[in-house]
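J.: So you can see what is in the structure, the chains are spelled out below.
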Amino acid sequence: MAEEMSRKPYVRPMTSEWITRHPRYLRYMAREFSCLFIMGYTLLLVYGLKSLADGPAAYGAFLAALRSPLSIAFHLLALAFAAYHSITWFNLAPKAMPFQRGEEFVPESIVSGAHFAVWGILSLGMLFLAGAF
Amino acid sequence: MAKSNKPIVWGPFAAGGTVTAFVTPALILITLLAALGATPELLRYEHLLAFLRHGLAKAAAVALVFVSLWSAAHRLRITCYDLGVRADGMVATVVYAVALVGTLASAVFLLRL
Numbered sequence: 001m002a003e004e005m006s007r008k009p010y011v012r013p014m015t016s017e018w019i020t021r022h023p024r025y026l027r028y029m030a031r032e033f034s035c036l037f038i039m040g041y042t043l044l045l046v047y048g049l050k051s052l053a054d055g056p057a058a059y060g061a062f063l064a065a066l067r068s069p070l071s072i073a074f075h076l077l078a079l080a081f082a083a084y085h086s087i088t089w090f091n092l093a094p095k096a097m098p099f100q101r102g103e104e105f106v107p108e109s110i111v112s113g114a115h116f117a118v119w120g121i122l123s124l125g126m127l128f129l130a131g132a133f
Numbered sequence: 001m002a003k004s005n006k007p008i009v010w011g012p013f014a015a016g017g018t019v020t021a022f023v024t025p026a027l028i029l030i031t032l033l034a035a036l037g038a039t040p041e042l043l044r045y046e047h048l049l050a051f052l053r054h055g056l057a058k059a060a061a062v063a064l065v066f067v068s069l070w071s072a073a074h075r076l077r078i079t080c081y082d083l084g085v086r087a088d089g090m091v092a093t094v095v096y097a098v099a100l101v102g103t104l105a106s107a108v109f110l111l112r113l
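Residue numbers (my numbering), protein chains in the order written: chain P, 1 to 133; chain U, 1 to 113.
Only chain U is shown next, with the shape it has when bound in the complex (with noise of 0.2 Å):
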């Protein structure tokens, strides 16, 4: 059978798919509350910083940033194609280093806190 690294590159993408659904709405209005000057308790220093660090809450973090962007990445590199744009390689190149960069970046951050 041919070898193939779709499963590879597509499983991250439904799961991320799903758990965006799920999660990503839920987050901005968390955020967006913030925004209006309604800091919700959790997002006020001392509780966030508690909150996260807790090895879970790092881990689950990480595996949020992860999908979410994974997912994100996948979806715009199958939406240029949809734009006629060919150089397939390069934009994959591009997506999925963004992609793995935001979730390295993330994992440092939790790490100091």
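Next comes chain P alone, as it looks inside the complex (with noise of 0.2 Å):
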């Protein structure tokens, strides 16, 4: 009988309980959560060229909307996200993209380093020409 064959698979059950056992799965997740902050943040922006393409009133709405006690809360912990998010991908470069030269790989440091030192020209160029100082 075609019913008494059919297979019945095992699945395996799987809960979140093992992101606790070690200090080393917090970590991680906490990596990959940063990815709710990120889109949250994105999202934010595409919020915020809706306004400005609704004119300088619904624009200044936004501004105003920015300075909410809810809003800076969202931003230092998206900022926080953001920052573990770019120390965790730079530090893992070097293993996506190991470097070679002559007979030998570059240190991981410097690749890592080259990362990080690229990260902070490009971010106080970016707050430079956008007027933050």
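Note that these hints are calculated values from the structure, not bench results.
From the three backbone atoms N, C-alpha and C, an ideal C-beta is built for every residue, glycine too.
Warning: the hint list may mix true and false statements.
Claimed, not checked - Computed from the model, here is a short list of chain U residues facing chain P with C-beta under 8 Å:
| # | residue |
| --- | --- |
| 1 | E41 |
| 2 | A73 |
| 3 | L76 |
Take the two lone chains, each set in its own frame, and fit them into one complex as the hints suggest.
T.: Listed below in structure tokens is the structure:
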């Protein structure tokens, strides 16, 4: 009988309990959760573009809404998570793209260090061009 | 060789991970300054409008929105799987749809400027 023959595949139960089993897993999750803040912040920027397209009054209201305590709290959290994403990403860069020179691989610290240096210069340049200082 | 759509999904994820690592913290700092009342010059209505009316700035903005949303969406999908959500097809559809709709919306708003 076909019904008796049908497979009933075993699905291993999976929960999120493992996260708290080791600090390393918590750090991994903190890194992965940065995506929620990057997504939320990008959607906020898209909303800002909408208000800009709607004219000066709408854009003024957007800037005013940015000044709410909730928005400030979100910005601080998003900044912390975004910076954590950057740090983990640049630390992984030499593993993702090992850089060979002659026989030897360039030391990982130099590849990550170059990323951190570019990050710093780029960030300062963006803040300067935006007129932040 | 087996066909796979993995490179198409993963390419923008890697690009977005790199781009957001380099520029997102500085962007957040710029709007944080505005949130604290010290609005940088660029965020003043006339300045931002003039800046984003350039074709290159529009293209860069759409590209930034796309890779940021896509890489966050991909990471969220993997995170859902890690947390024990096994409905991967549905999760993938929702998160990539958010990324594509957000990108499309940004393009529409930029073209209205």
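J.: Next step is simple, just say for each hint if it's right about the structure.
T.: For each hint, the structure was consulted:
no.	hint	result
1	E41	3 Å, holds
2	A73	7 Å, holds
3	L76	5 Å, holds
In this structure, none of the earlier numbered hints is contradicted; all agree with it.
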